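Novice: The residues making up each chain are set out below.
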Amino acid sequence: MDCKRASELTMKYFDQTINDFEKKELDCHITACSTCRLDFQWMREALEGVEELEDFEAPENFEIEVLEQLDLKRYEPKPVPSKIQFWLALTVPCVFAILSIGFYIRFGTIDWKDGYTGAVSFMRVIDLGNRMYGLLGLTGKALGETFFVFIKALKYMSAFLNSRMGIYMTIVAFLCSILVFTQYVLIKLTDVFGYRGGRSYEK
Amino acid sequence: MLQDLDHKIIEDVLQGDGDKFGEIIGRYKNGVYSICMRMVGDAEEARDLSQETFIKAYNNLLKYNPEYKFSTWIFKIATNLSIDYLRRKKHQALPLDEKLSMPYDTASAEDMYLHRCNKDEIERVIQELPPDYKALVILYHKEGLSYQNICDVMKLPMSKVKNRLHRARSMLKERLKEIKEEESIWTAKELQS
Chain P
1 MDCKRASELT MKYFDQTIND FEKKELDCHI TACSTCRLDF QWMREALEGV
51 EELEDFEAPE NFEIEVLEQL DLKRYEPKPV PSKIQFWLAL TVPCVFAILS
101 IGFYIRFGTI DWKDGYTGAV SFMRVIDLGN RMYGLLGLTG KALGETFFVF
151 IKALKYMSAF LNSRMGIYMT IVAFLCSILV FTQYVLIKLT DVFGYRGGRS
201 YEK
Chain E
204 MLQDLDHKII EDVLQGDGDK FGEIIGRYKN GVYSICMRMV GDAEEARDLS
254 QETFIKAYNN LLKYNPEYKF STWIFKIATN LSIDYLRRKK HQALPLDEKL
304 SMPYDTASAE DMYLHRCNKD EIERVIQELP PDYKALVILY HKEGLSYQNI
354 CDVMKLPMSK VKNRLHRARS MLKERLKEIK EEESIWTAKE LQS
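The listed protein sequences correspond, in order, to chains P and E. In terms of our numbering, the first sequence is residues 1 to 203. In terms of our numbering, the second sequence is residues 204 to 396.
Note that these hints are calculated values from the structure, not bench results. Since the structure is predicted, the reported quantities are computational estimates derived from the model, not experimental observations. You may find that some hints are simply not true.
Unchecked claim - Below 25 Å or equal to it, Euclidean Cα-Cα: the simulated PhoX-like pairs (lysine-lysine) are:
(1) E:Lys223 / E:Lys292
(2) E:Lys211 / E:Lys223
(3) P:Lys141 / P:Lys152
(4) P:Lys4 / E:Lys272
(5) E:Lys211 / P:Lys4
(6) P:Lys73 / E:Lys223
With the sequences and hints as input, model every part of the structure.
Specialist: Put into structure tokens, the structure is as follows:
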């Protein structure tokens with residue numbers, strides 16, 4: 001047996017998967033080969049040393065510190081809603097839905113010109129309320145959307161201004177505005193003080 | 204038996220008795236703390252990591268598979284957290300304490316002295332291993348996990364676990380040999396002077 005095989009058997013020995021025959025084989029080799037014998041002894045010393053190491057003691061109050069950080073109610077069963085609550089939750093919207101449908105069929109579809117009964121007045125008030133509510137909703141929505149578009153425009157603008165092209169465009173726009181402003185001032189000077197700049201202008 | 208007791212406690216916790224998790228902590232705190240300590244080599248970090256291990260275990264208790272031992276599962280969490288920590292921080296583990304960097308100063312009786320020196324050297328050698336190898340040596344030789352359990356813990360194929368553990372053993376052996384040889388040279392010099 002060569003030393004490579006002995007090394008494999010040494011690993012098997014420490015894995016505790018070595019059989020009797022292999023054990024004898026290894027035994028014979030390490031008796032004859034001093035290098036493998038020393039390797040085996042060093043390995044045994046190292047691994048037995050690891051096995052004999054004692055556990056470290058966890059710090060004081062370790063349990064308390066951990067428990068303080070846990071949500072101890074995490075696995076508590078959640079309260080199941082009672083049957084009464086369930087049926088109440090189901091019945092109330094149903095009753096209101098049926099009443100609404102009834103009211104609509106009875107009063108919502110009649111010709112209003114027939115006369116103003118109390119019920120018709122009530123329905124008109126409700127109708128007005130609904131219209132106001134709708135109007136408010138629409139106004140809110142329009143304002144919200146405008147605001148949203150404004151914010152989005154600002155966002156795009158800032159992105160554009162931060163880009164290289166945006167910077168160039170800003171410089172060009174700045175120079176143009178200086179040019180326009182200068183032109184404006186010159187025209188005003190011509191108008192107000194009659195400065196002609198070498199040419200004739202009508203005042 | 205111990206396993207059954209663990210499963211019973213876990214069932215109680217899952218049924219809403221959160222306080223019972225304290226028993227699990229009491230049972231495994233030293234084991235988990237030791238793994239973290241040997242992995243990172245720093246008492247404060249080991250304390251944080253072992254606390255994090257128990258918090259993670261508690262929050263994921265529904266994912267625990269009772270087919271496996273609870274110890275395997277919690278050691279897996281501790282090992283993975285420690286490896287993550289070491290990778291994140293690229294932390295070169297320091298000696299466990301001052302004693303370990305000067306292991307020859309206080310022993311009086313020769314046997315005690317030699318025994319403690321040997322333990323300290325082993326601790327030092329473990330600290331010097333790369334994180335993955337360190338985890339394998341601790342889990343297999345110290346915590347007594349099987350190859351299969353280690354495969355589950357490290358999420359590695361069996362062949363890789365075996366190869367790495369064999370390499371880790373060789374590194375451990377070589378380093379211990381070097382240290383002992385250095386020591387014997389040092390002792391010889393001391394005797395001569």
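Novice: Taking the earlier hints as the rules, which of them does this structure contradict?
Specialist: The structure breaks hints 1, 4, 5; every other hint is satisfied.
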